[in-house]
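Trainee: Using the sequences plus the hints, can you model the full thing?
In order, the protein sequences belong to chains A and B. The opening position of the first sequence corresponds to residue 1400 in the numbering used here, with each subsequent residue numbered one higher. The opening position of the second sequence corresponds to residue 6 in the numbering used here, with each subsequent residue numbered one higher.
Be a bit skeptical, because a hint or two may be false.
Derived contacts from chain B toward chain A, CB cut-off under 7 Å, selection only [said to hold, decoys possible]: (1) Asn128; (2) Leu132; (3) Gly309; (4) Thr377; (5) Lys383; (6) Ala384.
Bear in mind the hints are in silico, worked out from the structure with no lab data behind them. Keep in mind it's a predicted model, so treat the numbers as computed, not measured. For each residue, glycine too, the CB sits at the ideal point set by N, CA and C.
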Amino acid sequence: MIWISRTSRHLARYLGMVLFLPVGLGAQGGPPPPLPETGTRLPRIDSRTLGIGADLILVERAGVPFVTVSVTVRDVVPVVSESPGLAAVVARLLTAGTTTRNTDELARAVDRLGATLDTRAGPDGATITLGVARAHLNAGLELLADVVMRPSFEPAALAPLLEELVESAEASRADPRIMATRVLLRSMYGQHRYGQGAGEEKLGELDSDALAAYHAANYVPGNATFVVSGGVTLDEMAEEIEEYFGTWTGALGPVSPGVEPPEPEANEVVLVHAPGSARATIRVGHLLPVGSGPDWAALVVANLVLRQRLGRVSSAVNRRVEAGYYVASAEVPAAAVDGTVGLILDELERLRVEEVLPAELEPIKGYIAGSFPLQVETPQQIVARVARDRLFGMSSKRLDEYPSRIRGLDGAALRGAASRQLVPQEAVITVVGDAAVLRGPLTKFGPVTVIDMDGHPLGLADLAPSPEQGVLDLDASGLEDGSWVYGLMVDGERVGELVRTLDRSDPVDPDAITLTSLMVTGPQTLRQEVTFRPSTFAPVAASFLFSAPGGEIGARSTVDDGFVQGSRTYPDGRVEEFRVPVTAGAVMGEMLEVALWLMDHAPGMRIRVPVTQVESGATTIMSGQVLEIATIEVPAGTFQAYRIEMVSDAGEQILYARTEAPHIVLRLETRGQPLVMQLEFISGS
Amino acid sequence: MRKDRLSAALAMAVLAAGGVSAQQYGLPELPVDTFRLENGLFVVVNETHTSPVAAVSVWYRVGSSPEEPYANALAHVIEHLALQESENLPPGRADLLITRAGGFQVAGTDADRTGFLQVVPSNRVNLALWIESERMDRLVFSDDGLRSRMARVTSERDGTLLGRPYARARFAADTLATDFVPYKRSAGLAGAAPTDTDVDRIRHFYERYFAPDNAVLAVAGDVDPLQIRSLVEDIFGRIQRGPGVFEPAEFPDAPRHDGERRGRVGEEFSTHSFLSVVFTTPGAAHDDQYALALLVRILGAGRGSRLQKALVHDRRLARTLTATLNRRRGPGTVAIDVVAAEGVSLDVLEAQILEEVERLGAESVTDQELRTALNQWKAAEITSRLSVRSRVEALQRHLLYFGDAHRINGEVTRYDAVTADDIQRVAAKYLTAENRAVVFAPVRTGGHGVPE
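Mentor: Structure (structure tokens):
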């Protein structure tokens, strides 16, 4: 079954046809062209430095009876450098009580105004945000000033928070995605604070004094930026802030130089061993080598180009005050690990050297520029966006400078930015998965370091392989005749069917089994047949014929005297013959289906089957793993089934095989395609 | 076309002069224009040029119906069919067009309506209108498409009922509380389309309910109402009218006086026991809605609210608690939903809740409580006017409930007029034992329970 879709795709490409053609526009009507722009512009951004030393940035929304005010404090003075989680703990505790209000009183005061008061901490600083009706701005600012200037850091509030953070960090260790990112950051940033995560190992050492010391050093007006949006003018806002924050004093003390990230070198692989895992969680990342500010718009576009090109791999550029990074992320079957990493590195390189053509670039630019106004519609959204831009040193006079910049980019500008910022040759590759399986395929990308979940190095002897099953010992003698009807579904709609028939009554060769499959989708048919010896599970002959309105293509192979010998026929009548040595243990055509019926499946079991192609005699490896036992409902009934992931160079598929022997395939899904096959009817076993 | 610029201008003048209403309420009036096409399509437009963005929404007046027992399921199937494909939009094409323009779309079906919403850059408002006209006039019906959409709807319904903690108990309480049969059938998308539903039945339902004269088109944002009128006439004008606006049968009165109803539900996917106490309320257009809306805030919104303070923070009997006013054209509910803390019995929780509820009917709330509730409501109302999406939905709600979009501009006055006596009066009137439904969902009751 697995190779049907592969073969079909291959043949359809050859014939210049697509099996599931997108439907064209109807005869009547189509989408209207864009109207002229309305001329409404996104608002201006004003700023000034306040008397207390802080910066004030305002995006006025005249007439809007609501104001959002944020205060961003940069994380620049690491008082306790060994505690990277300190800044986040301080931020979380700001709203847990002040020297004038306990937690309860503070919460009630916020409720009384119908306001919101939130804190958020990131790698470069913390932001406290007030959202309040314009009519209550004064009272809201008084509360904001209280939490920013006078937090109490009561031990009674600190202890449960630390407990929660440690528990949450412990729980996250089981998540391979979090683990992969954490290891990537540590590998790229080394001892730099960006590589230290939440620093949960040191959280237990924090006390109220450490928090107060951090607060006194960092929460000073000279290190703060107010960003405001709503129905208030710059003069009004400056006056209000000076009134409520007038007693806030202090400037930054000497800033610790901090640790530099290590100099990037050639590709290296860090492999986190998760024994028995069927999947590989991949991160491919590198630091952005030059300040990303001027290239930011181009990087955002480049990133979306990469996302489209990489399919199921996600792609992101991340800003940081000191050094940002690029990362591609994927979770794939173990057998697809090297293909996926190779694809990511190739696409990064391609973006550096090849110009993106307008046909690909314009829709992406249209999407980014078009969706931008939707992202900065409300004061809350505006403040979040502007505060983030300012933190990363980007300043604009108007909000719509960004979409204008996006629209102005062309292929050359994109390639220029990509060649400066993307460095696949220095990328760090981190993978979480079964190192016994993954280590070999990953060595082609660079030296591989294997560690356990705690970060301790592991040697080869520590890697015990999972059990693996091939086809050499299979015996099909016990199989009985039968027929199986499958529905072919695209996006849930039935577009055709496949009928598979097992027949043991070959009058010429009674010691043979023939499996025939006929797939019909509209005017197209694909007929496949394979004959094999049940006791040795060795192929004898196989064939296929694909017919479509554009023509036919077919092939036939026989196995004899140590060779696979056959011919393939093209639509123009051309015939090509081939003769290649037999690969020991290889199956042919739909025998793989039968092999899956006969194997002794168990969760965790790995599968590796050489499959000889009917049309060329070439042999490729199908590999996979039994993931779990699941209940599956198909039109033929509800079954307990092994959920199996299979991978070949043609792609990945998930199939469900009945737990009862023979393990008939009940359903097959193809990753990245809407095609699903599901069993509708069984006749026989 | 009705123009309401005068009232908007007056409001702005008051605002500029720092008058009482601007100081106190802070909500300038929304400009609202309305017109109706010859085919019956009612159109409401809000023009606000704060950002180059526009929202387009169509609400069809169907989500339940006394005429059709499976109305909710059939409307939901059509919602999915409409998102999927139409004569000039092959599958996936609408999504692609909207996304490439920089916008997004959502759709939903509830007991009162089936709605579609798009938010797009304002120069693509014509695209959004055209896509909605495809949905209103040119759906594609096929056996295969219908089957797959029915399967999708069933799976979505199962996900809603089973995949969310305590959803089964919440829907059971809602069903138990209401006597309006069409709402009972649509609670939590409870009704699945019958398996013998065929294309003809769906097409008939579509033609009956998804017609221009049973729909409201709302547009909000950076648009010119005259241009919108011209576009709408051009794009929707040739669509044939249907059999007319659907008016549900008469709604039963609220409160009920026939006694408490109790139920017990198994919540196999939940780890903590759950309790829902529900009181039946009148339709959204009833004058008591304003006092009820503030009452639920006094009960359960914010750390200082009565139930939050008593059950969650002071005595730690509950992990979470919400008090909600569920508004519908017909009877709605005040629902108090509580997730019990470890080891706390539902009987104890219920007793505590009822004690606080009875106190509301017996004693006046404080001025501070009323002011807090009012400020919370106003803040929520203000923020709901800040985006085109929430503005267009607010206009739709006012038309659905009151048949009058302009009424949106008088809401603050109506809420401001609510007194502590009103709160006590509606509490005594609606939060009564005879009008109460209580559903227990203890952990490990086993099985998929139904209300007893």
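Trainee: Run every hint past the structure and note whether it holds.
Mentor: For each hint, the structure was consulted:
1. Asn128: holds (4 Å)
2. Leu132: holds (6 Å)
3. Gly309: Since chain A brings a Cβ to about 4 Å from B:Gly309, closer than 7 Å, the hint holds.
4. Thr377: holds (5 Å)
5. Lys383: holds (6 Å)
6. Ala384: holds (3 Å)
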